[in-house]
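A.B. asks: The primary structure of each chain is shown beneath.
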Amino acid sequence: MSANRGESARMQSGGRPQMIPVGGGKGGVGKTFVVANLAVALARLGHRVVAVDADLEGANLHTCIGVAQPRVSLADYVAHREDDLGKLLLDSRIPNLQIIAATRSNLATPQPAHGRRVQLIKELRRLPVDIVLLDLGAGTHSAVMDYFMVSDDGLLVIAPEPTSVENAYGFLRSAFYRRLRLAMASHDVRELVTFAMDECNERGIRTPLDLLREVEAIDPAQGSRFVETMRTFRPRLLINDVRTADDVKLGFSVKSICRRYFGIEADYLGYVSHDDRVRRSVRSRRPLVDLAPRSDAALYLGRVARKLGDFLPDTEADE
Amino acid sequence: MKPLTDLDHYEVLEISRGSSPEGVARGYQLSMATYSDDSMAGYSVFEPGDAAAMRERIETAYRVLADSDSRRAYDAALAAVRREEPELAAPPHPDPATVLAEIEPVEAFDEDSDEFDGPRLRRSRLSRGLEIDDVAGVTKVNPTYLRFLEEERFPDLPARVYVRGFLMAYASAVGLEPRAVAVSYLERFDGALQGGKGAGRRR
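Protein chains in written order, with my numbering: chain A, 1 to 319; chain B, 1 to 203.
Just so you know, these hints were derived from the structure itself, not from any lab.
Keep in mind that the hints are not guaranteed to be accurate.
[Claimed, not checked] A short list of chain A residues far from chain B (calculated; beta carbon distances all over 10 Å): (1) 116; (2) 161; (3) 165; (4) 186; (5) 202; (6) 244; (7) 257; (8) 282.
[Unchecked claim] To give an idea of the chain A side of the interface with chain B (calculated C-beta under 7 Å), a few residues: (9) 182; (10) 184; (11) 195; (12) 296.
Positions of the beta carbon are idealized from the N, C-alpha and C atoms, including for glycine.
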């Protein structure tokens, strides 16, 4: 299907793809379902999309999108069997949409070493497409967090359950402190951030505000850098499987608490309503936006996709 | 990031200074949900007593801002503080809370079409933060029938004339144009019932 790789009207001249990592902390909140459907919806909007399954220990993005038995996968890259990411791209049934699967990984060492991960991210940024969606695994392991850090405004999928919300906070705070640590130039300040990441730390650093005061005490110049790093982190929240109006409000509440208690400015991107057809879509290995495009959940997903598309640099230029 | 104790009434409700009365009400509704005793978002974060204390401040903020006279007086007082201590006026960063401004894009579902089906009624309801029981309370329509409307269980609904009444009531409760909703929905209703056996049971 060479048409897939044809010139897209939206190709940013010499531009790099927009990286959209999708995490959630907790498993089972619908990350893969969301990635699969957003990928299809974005492709339908005319963007050239690559959806990457970065969940080497629980790969099933290919199933949700409907690509059976991938012959190559990210595992080949991890194991150095293949160095050219372009050769891992698999066509899907949907024009403009290709995927990189994560099947057949080495069960002993599924995750790439840090250096290989850095290289992988670099290569992903070079893919000649408009959008790269990354489906992350559960947890806050550095193998997951590194992918989430590929952009300032990664997407967080939350289910309206206390456990999901709790893990989402853990995930965001982990991402936040990692960013801060990376941004700090001085060794002492970096050490301090590492120290503060322990929630039971003895100095009583509980919030970024506490930490900022300590940083300024050590090195005032680093303080402003710290503030700037805080400011540029804008994760986006998506509430999945919404059943009630209270579930809708959850997004606002999480946003509010992130701001007030963790110093994190998150955006509430939208929600996806509960739909019985979601299960049917997974079972039939067809994305919901394809199987039941007029279903409620598909409409919500389409709306989120349009919002994501609007964030692309070429349409954002006029601010 | 501002310490909670420093928030003014607008920041407590997370609304902008120029917020409309509806915006104030919506801010109140959302803030109370965040700090409710069974708040899913807050339970792992709040210390004991946090939520109750915050609810009190939300109530106070709402009392002051919901009344146009007291709001005007409060605005004047805020402006005076701002003149005296300019550095207090602009919180260092990030921007002051404007949750409501950001609600709009979420709410503005691009549904310009004049076709209204059950799911669309439900979407409108959810986007206004209303549960079925809220709508039932306003419309005095049995919540079961409201649910049937949303789920398009046409054969389970009563006679057409009642359905029309339910639709008009539902629509105005969720801020839709009642007549347009009734006309469009009844078309589906009629079509499904003529089409015979349970065509409306799509789920």
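A.B. asks: Could you work out which of the previously given hints the structure breaks and list their numbers from low to high?
C.D. replies: 2, 3, 6, 7, 9, 10, 11
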